[in-house]
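**Student:** If you want the building blocks of each chain, they are given just below.
2 protein chains.
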Amino acid sequence: MAKEQKQVDAITDMERDFAQWYTDVCTKAELIGYTSVKGIFILRPYGYAIWENIQQALDQRFKATGHCNVSMPMLIPESLLQKEKDHIEGFAPECAWVTMGGSEKLEERLCVRPTSETLFCEHWSKIVHSWRDLPMLYNQWCSVMRWEKTTRPFLRHREFLWQEGHTLHATPEEAIEETERMLDIYADVCENLLAMPVVKGVKTDKEKFAGAERTYTLECMMHDRKALQNGTSHYFGDGFAKAFDISFSDRDNQRRTPYETSWGITTRTIGGLIMTHGDNHGLVLPPRVAPTQVVVIPVAQHKPGVIDAASALCGRLQDAGIRVKMDASDNSPGWKFAEYEMKGVPLRVEIGPKDMDKAQCVLVRRDNGEKTFIPLSGLEEAVKNCLEEIQANLFAKAKRNLDEHTFDISTPEEAKAIVEGEGGFLRSKWCGSRECEEAMKERAGVSSRCLPFAQSGTEGTCPVCGKKCTTDIYWGVAY
Amino acid sequence: MAKEQKQVDAITDMERDFAQWYTDVCTKAELIGYTSVKGIFILRPYGYAIWENIQQALDQRFKATGHCNVSMPMLIPESLLQKEKDHIEGFAPECAWVTMGGSEKLEERLCVRPTSETLFCEHWSKIVHSWRDLPMLYNQWCSVMRWEKTTRPFLRHREFLWQEGHTLHATPEEAIEETERMLDIYADVCENLLAMPVVKGVKTDKEKFAGAERTYTLECMMHDRKALQNGTSHYFGDGFAKAFDISFSDRDNQRRTPYETSWGITTRTIGGLIMTHGDNHGLVLPPRVAPTQVVVIPVAQHKPGVIDAASALCGRLQDAGIRVKMDASDNSPGWKFAEYEMKGVPLRVEIGPKDMDKAQCVLVRRDNGEKTFIPLSGLEEAVKNCLEEIQANLFAKAKRNLDEHTFDISTPEEAKAIVEGEGGFLRSKWCGSRECEEAMKERAGVSSRCLPFAQSGTEGTCPVCGKKCTTDIYWGVAY
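Read top to bottom, the protein sequences are chains A and B. Following the working numbering, the numbering of the first sequence begins with 31 at its first residue and continues without gaps. Following the working numbering, the numbering of the second sequence begins with 31 at its first residue and continues without gaps.
Extracted from the complex, chain A is given alone in its bound form (with noise of 0.2 Å):
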């Protein structure tokens, strides 16, 4: 009954209200639960398997340079947590706080941790000793929590999974190249495997981390043209070494202090991937993250043969190593193809009796609806060219996006005009200064997304003070 109403519940159109449609695509798409704590999200299994899909790409990643996995506590003591100036009067308003165990009240508040730099700088203080200890490759992946006021699915948690990397160096140089290196992963694993392009660049100080010198950011463009940073990486200096009493004997037998980063990327990709790829029909997903590539559904399956020679296809695909499923179930052909649809698998494999006389099945691709006979002879080449080719099309296409919603202005107003319009990224120079920055969010209502690693170099103006400068800058409306 409820699943045969599912087909009949079409979903909000993207250009009618964009906000209602991505919460009826994050539902109906079954990615997304609600609990009875608001902002708190179940991950249902669906949505679960993406970020299972996510995390291995980004595992085997860290992994093959040298990081490993290890599970810090979820609970800071408070007096912990206020160690590092800047970081605790970022974190404080967002803190979720225990203060009861079992029926006694606790001496010490703990925080459930929002962030987990103070934990590595504790532990570390404790374990690095020589430079032979150097670097230390951490990560974890675990869920955080901060208690923000407004919520969205995906987009803004109060518990939200992610991982969080932390390393010490020996020198700020090699702590810079790090925070470099994750951001090239995080940048590869999302134009590679979500189809997700990305302007890579630096966060202005009043955008940057709690406590960071410096914060790295990916910027993607969603279908709105609003940016979604989608991984941030975080240089600190020394600061938190400092702060933790964190030093270690060099080569030379002398004590000295090291350097610090962190970086992280959260399921609010997923929230992005919704956004970039997915149409009025739900989920579109790039075929490299799909839980299922694949779905093969019967046609007229109460014929002789039909399940078998579904079957069959489908156990070539899985022995080619394609993730593809059948659906067999007695819901109609039309159910299936709706259903399939909301959920974004890329590609359908079709296959009925008139198929199999001809020994051919059809292909239909989410991307485009397009519909291709092929021989059953030629069954998995042409499976994995067509999923290789839709991975392609979803990158062109958002990547058509950002580049034709990327504009140059001078004046804040000619942002506003663009910002209310169309939408967009707004490219500009900028002087430099935090007032101008305000300025540009109060009179054109965008904020500073980042200083691209792209510097043209040429000489313009501030389009607020008009001051000449050379920086190019990022500006835009932010999830």
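Don't take every hint at face value.
Taking lysine to any residue and the SDA-like style, the derived pairs with C-alpha atoms no more than 25 Å apart in a straight line are [what the hints assert, rightly or not]: (1) B:K68 <-> A:N99; (2) A:K93 <-> B:Q85; (3) B:K355 <-> A:A87; (4) B:K93 <-> A:S109; (5) B:K135 <-> A:L136; (6) B:K93 <-> A:P144; (7) A:K355 <-> B:L167; (8) A:K68 <-> A:P144; (9) A:K156 <-> B:K366; (10) B:K68 <-> A:S66; (11) A:K156 <-> B:L167; (12) B:K113 <-> A:S66; (13) A:K68 <-> B:K355; (14) A:K58 <-> B:D163.
Honestly, the hints are just simulated from the structure, not real lab data. Bear in mind that the values here come from a model prediction, so they are computed numbers and not experimental data.
Mind docking chain B on chain A? Use the hints.
**Tutor:** Chain B only, in chain A's frame:
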């Protein structure tokens, strides 16, 4: 300096002080780190890598039996936790409570999950409608919190990592079958991955999980002959489903209440590994779960060609799918030998100039110290065979310990004499009364471990009341 010291930091003799030996291994093998919150531990890279291998083995088996992973909230509103009466009674004394979010006092306090039955049930009450939605076969990997008074590394943490499976079925038979299937998976992983023989059975009512109708358990014997409960699987009947108003419309259109199970295994398994296989040189890891299966140590590494020969050897083993690392650091060979013995690496391969002349290398087994020279031409096969032998030998040794220290007893005093002497599991008949179970605790200092699946069927007498009965039961001193 710190590292050089390690080889002289001998660990406590296990025969002299087993508890201290255990703690020494946990810290000296770098499995665990202490934090400033009592009872909350860090899993250091080496400890976490063992957990990752256990995870992987389990996760594959869970998925192969149709389960999918999800992520549920870490916080449970007090009112939700209270919905099932037995459950809250069991867990309330151990709950850690979040009472503040940011600077505001919460309207309802939130418990950091000690286990998640209530969250799964609340979710299912929203999404389960028809027989088509069943079974629900869910699992999650996460950490949970139980605010215990007495804590020990791995064995009793206030926060520990685990997986918790939760499933929902149309019939009690199907749910019971699931409960047993998952216990079998745990047993398979314990015996075949971890080389830990198990006694499978059912818990008494006194020892079962809060809210369960029946709890299945695996009991393992540690080196000191104490019992470690290692993996449990619970059948809940329809108690939770009723408390949470979960129902489904069956094929005949009748509304019915489904039946629930849950099952979990935790990082205490690593404590079990240590206490099953460890010795006075430190940890001993079965090859199948060891993060590093083989360590290659170049001997006289300053001599020409030695490092290259060792690298080549290491590369060959890696290509053969063996988890191998080489240690070419400037620590002394003696330091290296002690270090990898402490860490329980199953096999050490040494190669030096003399070996190179003879086209051979040396294998040294961690489990029994056996040293063999093998020709380089047969390297891969010899190493693989040797790892399998070590795996089998560790299981056989542990099985011998279990078999030789399982005693039939007929009075509490007999039981007491054994556990206060050489220790062991005690097998007897049991009349089924809680009074007699409690009397065994008072008079012999043992708790019931389980009613083994392997029941002899013979008649005997209860060791406490002397009544005639047929049920076999195991008693022991438990961690």
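**Student:** Each hint should be assessed against the structure and marked as holding or not.
**Tutor:** Structure-based check of all given hints:
| no. | hint | in the structure |
| --- | --- | --- |
| 1 | B:K68 <-> A:N99 | holds (23 Å) |
| 2 | A:K93 <-> B:Q85 | holds (17 Å) |
| 3 | B:K355 <-> A:A87 | holds (23 Å) |
| 4 | B:K93 <-> A:S109 | violated (43 Å) |
| 5 | B:K135 <-> A:L136 | holds (16 Å) |
| 6 | B:K93 <-> A:P144 | violated (31 Å) |
| 7 | A:K355 <-> B:L167 | holds (17 Å) |
| 8 | A:K68 <-> A:P144 | holds (17 Å) |
| 9 | A:K156 <-> B:K366 | holds (22 Å) |
| 10 | B:K68 <-> A:S66 | violated (31 Å) |
| 11 | A:K156 <-> B:L167 | violated (43 Å) |
| 12 | B:K113 <-> A:S66 | holds (14 Å) |
| 13 | A:K68 <-> B:K355 | violated (48 Å) |
| 14 | A:K58 <-> B:D163 | holds (15 Å) |
The structure shown violates the earlier hints numbered 4, 6, 10, 11 and 13.
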